[in-house]
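As you go down the protein sequences, you meet chains C and D in turn.
To convert a position in the first sequence, counted from 1, into my numbering, add 607.
To convert a position in the second sequence, counted from 1, into my numbering, add 144.
Note that these hints are calculated values from the structure, not bench results.
We treat Cβ as the ideally placed atom computed from N, Cα and C, and that holds for glycine.
Honestly, I wouldn't trust all of these hints.
Have a look at the derived ranges for each label pair, beta carbon to beta carbon [claimed, not checked]:
(1) D:Val358 - C:Lys889: 34 to 40 angstroms
(2) C:Asp840 - D:Val359: 56 to 62 angstroms
(3) C:Asn764 - D:Arg421: 55 to 61 angstroms
(4) C:Gln859 - D:Leu399: 42 to 48 angstroms
Listed next, the stretches of chain C that the computed footprint assigns to chain D, with coverage defined by at least 3 CB atoms under 8 angstroms from CB atoms of chain D [said to hold, decoys possible]:
(5) 738 to 749
(6) 829 to 838
(7) 854 to 861
Derived pair list, reagent style BS3-like, types lysine-lysine, alpha-carbon separation capped at 25 angstroms [said to hold, decoys possible]:
(8) C:Lys650 - D:Lys304
(9) C:Lys864 - C:Lys718
(10) D:Lys381 - C:Lys797
(11) D:Lys308 - C:Lys740
(12) D:Lys196 - C:Lys650
(13) C:Lys751 - C:Lys775
(14) D:Lys419 - C:Lys820
(15) D:Lys272 - C:Lys865
(16) C:Lys750 - D:Lys253
(17) D:Lys404 - C:Lys655
(18) C:Lys864 - D:Lys304
(19) D:Lys253 - C:Lys720
(20) C:Lys751 - D:Lys253
(21) C:Lys666 - C:Lys655
(22) C:Lys650 - D:Lys227
(23) C:Lys820 - D:Lys253
(24) D:Lys351 - C:Lys655
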Amino acid sequence: MRMSVPLLLLLIVGVSLAQEKPTQPAKDVRVEYGLAVYKLGEKHATDKQAGEAIDSFCKWLGDQVPGATFARRGVRNQPADALKLLQDEKSTVALAIVSPSFYAAHKDTLKLKAIAEARRNDFDGEQFTLVGKTATDAYPSGKKVATSMTADLDWLNKVVMPAPEGIKPVEWVQYDNLFDAAYAIIDGEKGAPDMLLLDRVTLDSFTREAEFKALKHGLKSEMLPQDLLVELDGRLGDKSAAVVKAVGALDQTETGKKLGETLQTPRMPAPDTARLEKALKKFKP
Amino acid sequence: MTTPAKSRKQVAGICSAVLLLLVMGGVLFVACRQVPDNTLSNAAGDSASYEKLVADARSTFETTPRSPESVEKAAARFADAFKVRSDSYADLVYAARVCTWLAEHAVGKDARKQHTNTGLIYVNTALKLIASGPEATFYHGVLAGFLGDLDNTYGLDAVKKIEKDMTALIAAGQDVNHGGPHRVYGMLLLRAPGPPTSIGSLRNAKKQLEQALVVAPDWPENHLYVAEMEFAWADEKDLPEFAQQARERLQKHLLGPDAKAPAGMQFEFAAWQAKARTLLAEQD
C-alpha cells in the first residue's frame, strides 16, 4: 500500500501522542448553551419540521465558538409558547432567534440583548406593504387586512401600521398562506379580505405570480427590524463576541452558505440599533 | 427501445395507484440537496436472460394481492435484469413503478429510501432514452416526492421537481395513473408551506384535486385526497358543509359497505382505507 509522507508522519505523531496520553481520557470541557427559535407567522416553525435544521445550526455554531456547544431547546411559532420556553429555568436558553415584536415585549423581563439581526433574502430591514384591488396610500380604516402575524397584534397596531388618532383601526385577519388570501380577493370569494399586508420577501414573490398583476401596491410601513439574535441574561458570558463574529460571517464558508439558505438569511450582522430603538419607542412610548 | 405509445398502453394495462405520501411541510428550514440524476449505463447484453428476468419481475408484481415481500422479489428481478441491459423505456418505467410501490410500502425507512433512490435511477435512465416520456416524467416527480418525504434535506429540490414534472404533463394533456398528475400536484399544493417558503396553496390544490376527479371519477385514491382537501377547506373557510361532504365521500368510496377495491388492488385499497380512517380521526 502506498502512503504519502505527510500521512505517514501524521500517523507516527498520532501514535506518539497516543502513547503520551494519560490513562484517563481527557474530559470535554466545552460548556453547553441552549438555543431557541421563535418565528412569528410561520406555522411550520416547529421542532418536528425545523428541528433538524436548527440542530445543524447549533452544531455549526459550536464548531465556530471555542469551548462551547449549542443545543436546541425548541422551535416555536406562538409568542406564549416561546415565552414559556425562554422562561424555563430547568433547561435554560442562552441564545435565541426571536421576532422584533417578541424582543420589544420581553426585552426587560427576560433581559434580552440583541446581538445580531437577520437579513432575510439579504434584505436590510423589514418593510410591510398593503396590497389590494385598489391603491391604498391612506390608512385603510375599518378594512379587513390579511396578515400572518395576528399572534402579535400589538406589534401590528403600534409599530407596523398604527392607526392615526381617532381613526377606526383595521381588522386584522389571520392567513397562514397570504397567496391564498390574494386568490380569495381575486376570486371575489365571500368573506375575502379587502387587502393584504405583505413583508418584503412575500411581496417579491407576488411579483412573479401572473394572477396577481391586477393587485396594486399601496401604503408602506416604516423600515423595521427583522428577526433578532438575542442573548438572554448575559448567559453567553465571554462567548458572546465569538457568536457575533460567527453569525456575521455566516456566508464566508460553504457550510455557512448552506446554513444561510436553510435559515433564510445569508448572514446575521450586528443589529441596526437606531432602527431598533425607533421601533421600540413606538411599541412602548 | 419501446415507443412511448406502446409503453403507455403497457403501463396503463397493469396500472396500480400512485402511492404518494408527501409531507412537504418539512421544506421549511431544510438544507438544499439535489434529487439525484444518476442513470444506468444502457448496456445491451444477452436478450434471452434479460427477457426471462423481466417477465418474471412483471409476473411477480402483477400477482395480487401484493405484499412488500412479493414486490421486493419483483424489484430484485428487475435489478438483476438491468445488470444485463437497461435500454428498454417500458421496462425501466415498469421497474420504477415497482420501486414507487416499495417507496411507500416497504418495511422500514431505510428500505423505502433505498427503493426510492433505485427508482430514481430507473426513471433517470428512461428519461435519457425518451426525454419527455410521460410515465417516466410522472414517476420521476413521484419518487422525488418520496425522497423529499423520507429525507427533508431533499425537500426544496423535490418540490421543484414535482412541480416541473406534473405541470409539464398537465400542460401536455397527458394522464398517468388515473388523474395522477393532477392528484400528485394537488397534494403537493395542499401540503407544502405557502410562498415565499414554498408553493403551497389550498385554492390551487382544490383546483388540481377536483380535476383529478374529473379525469378519473371512480378512482378511490382521488376521493381520499379530495376529502383531505375538503376538510382543510372547511376549516380554512369556516364552511362545515365541506367537512360533511368529505365524510360522505370517504364512506361512499372507501369505507362504506359499497366501497370496493379496484381489480387487483386489495393491498393498496386497504392502505387507502387506513389513511381514510386516520384522516377522519384527525377531525375529531
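**Asked** Going through the earlier hints one by one, which of them does the structure break, listed in rising order?
**Response** 1, 3, 4, 5, 6, 7, 9, 11, 12, 14, 15, 16, 17, 19, 20, 22, 23, 24
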